[in-house]
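Number of protein chains: 2
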Amino acid sequence: MRIVRETRAMQQAAESARHSSKTLGLVPTMGFFHEGHLSLMRRARAECDLVIVTLFVNPTQFAPNEDLSGYPRDFETDCRLAEAEGVDLMYAPANAEVYAPDHATFVDVERLATTLCGASRPGHFRGVATVVAKLFNICKPHKAYFGMKDYQQLRIIEAMVKDLNFDLDIVRCPIVREPDGVAMSSRNSYLSADERRAAVVLRRSLIHAEESFRAGERDAEKLKSKVRAEIGIEPLAQPDYIELVDADDLQPRIIIERDSVLAVAVRFGKARLIDNLYLQLLTTGDRVA
Amino acid sequence: MRIVRETRAMQQAAESARHSSKTLGLVPTMGFFHEGHLSLMRRARAECDLVIVTLFVNPTQFAPNEDLSGYPRDFETDCRLAEAEGVDLMYAPANAEVYAPDHATFVDVERLATTLCGASRPGHFRGVATVVAKLFNICKPHKAYFGMKDYQQLRIIEAMVKDLNFDLDIVRCPIVREPDGVAMSSRNSYLSADERRAAVVLRRSLIHAEESFRAGERDAEKLKSKVRAEIGIEPLAQPDYIELVDADDLQPRIIIERDSVLAVAVRFGKARLIDNLYLQLLTTGDRVA
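As they're listed, the protein sequences go chains U and X. At position 232 of the first sequence the residue is numbered 264 (the numbering used here), and the sequence of numbers has no breaks. At position 219 of the second sequence the residue is numbered 251 (the numbering used here), and the sequence of numbers has no breaks.
No lab work stands behind these hints, which were simulated from the structure alone. One should not assume that every hint holds.
Any copy, or any two copies together, can satisfy a pair, since identical chains are not distinguished.
[Stated by the list, open to error] Quick list of in silico lysine to any residue cross-link-like pairs, SDA-like style, CA-CA up to 25 Å:
(1) 256 - 95
(2) 181 - 100
(3) 194 - 127
(4) 194 - 37
(5) 54 - 44
(6) 181 - 266
(7) 194 - 41
(8) 194 - 133
(9) 175 - 194
Just so we're clear, the structure is a prediction, and the values are computed from it rather than from any experiment.
Produce the complete structure using the sequences and hints provided.
Below is the structure:
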């Protein structure tokens with residue numbers, strides 16, 4: 033696996049690979065790999081000739097009060113894990129290589145970025161969209177792989193790709209979970225043992241909501257109430273939001289008439305965890321959950 | 033010359049040409065061609081294997097009170113003129129082909145977009161940067177050609193290219209003028225005969241400022257005053273701004289210590305005309321005026 037630190041070298045490697053008719057698959061990450069990341073690399077490896085992983089903890093998506101400086105990092109382990117998945121190229125630039133001192137350009141995706149995590153993390157998705165636009169131009173992928181855990185991020189990137197005519201496909205990948213159901217996240221490393229045990233309430237409450245949905249419940253408030261009540265029983269859980277939104281436009285829904293997402297963000301100590309449940313209506317069978 | 037109406041077809045033509053190792057030159061326009069446009073096409077023709085002209089009157093860069101609906105158009109003449117310049121491909125999409133009903137993504141270039149025309153046309157450069165980002169992704173050029181008459185637009189696009197890592201070169205092209213010195217502009221067609229005669233005051237005042245600058249004047253206020261006084265004599269001229277800004281960051285300067293631009297925007301009847309003078313310091317000989 034080749035490690036590339038410089039943007040120009042990465043861009044040239046990508047251009048040269050495209051020129052040789054190779055298909056390029058991109059997995060953008062902030063590192064500290066878990067099975068979720070590795071599943072994206074595996075999917076890219078199966079579908080593309082050249083697999084590029086980017087490892088960059090993007091400062092513009094963190095607010096001043098957030099966990100940028102403490103974000104978990106382990107470059108050597110990450111390299112070993114990526115190499116074991118058959119990744120060809122790891123682009124791991126320094127901050128100054130990505131953002132010049134006079135950087136002034138930002139990509140805004142309106143509407144989609146204001147609900148859910150966008151409400152409590154203003155500017156977050158502006159930073160995400162900007163860095164992903166940059167990574168697309170630097171790595172020139174044919175396909176880019178994103179996990180459905182960060183569903184709002186996924187939708188914002190899909191919208192950006194469509195709106196700005198990036199000539200690439202976004203591949204939605206399923207949430208990968210620990211055996212007890214907790215969604216894999218680099219931020220799980222912030223959890224104490226007690227908090228880690230408590231965190232199972234997220235998935236458990238979503239499973240119960242899914243059972244109601246499958247039994248025919250279409251009233252968003254009833255589904256949310258179930259989740260809210262179940263999370264409320266857990267003393268270590270401090271909910272940020274519990275929302276039911278349209279799967280496309282991410283706006284809140286009262287009655288489920290199209291594919292929707294039940295999304296939760298909950299704090300456990302200093303960790304803010306998110307999880308979600310994709311509610312697929314059988315009548316819209318052309319969508320993939 | 034091939035005329036392409038569909039975004040997907042344009043993108044495929046560009047990708048296929050890149051794949052055949054052709055260099056692609058892009059000239060983005062809003063049509064109603066004059067010698068300024070044609071000079072860009074000629075330059076692209078001399079430097080690139082495949083020359084693409086885009087013709088799209090971009091609605092997102094017009095404010096509701098501006099001249100979108102009345103903007104001059106003449107598609108057949110434009111096609112004839114572009115073909116005569118050896119243009120290979122004209123991308124001329126309908127609005128709906130460029131902006132989907134749910135379009136929500138915009139590119140903001142901060143700082144550079146707030147001075148000069150940005151002050152009197154809020155949102156204008158957001159629309160420009162957004163559509164140019166789209167055109168870059170649709171047409172995939174190696175080089176894109178922009179005139180220096182719209183100097184602020186040029187700087188904003190240069191900044192966007194650098195900040196978002198578009199893998200292409202922006203080529204600065206000189207202002208093309210009528211025999212009497214008036215900068216060519218599609219909006220000159222709005223001028224009455226009297227206004228057209230009066231419009232020469234812009235270039236004349238800039239030439240006089242240039243003479244002072246070459247004689248050693250470095251005081252921005254003195255240079256601006258000269259221009260303001262000379263334009264003030266013309267009763268049909270209603271100045272919007274007369275500014276002296278740094279050629280890179282477009283911020284106002286008091287003393288000229290780096291390359292600068294003396295930029296003017298003046299209304300003549302319903303036409304708002306802009307012009308500028310690039311003030312090159314000999315000590316910074318690495319810049320091209």
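Going through the numbered hints above, which ones does this structure break? Give me the numbers in ascending order. Failing hint: just 1.
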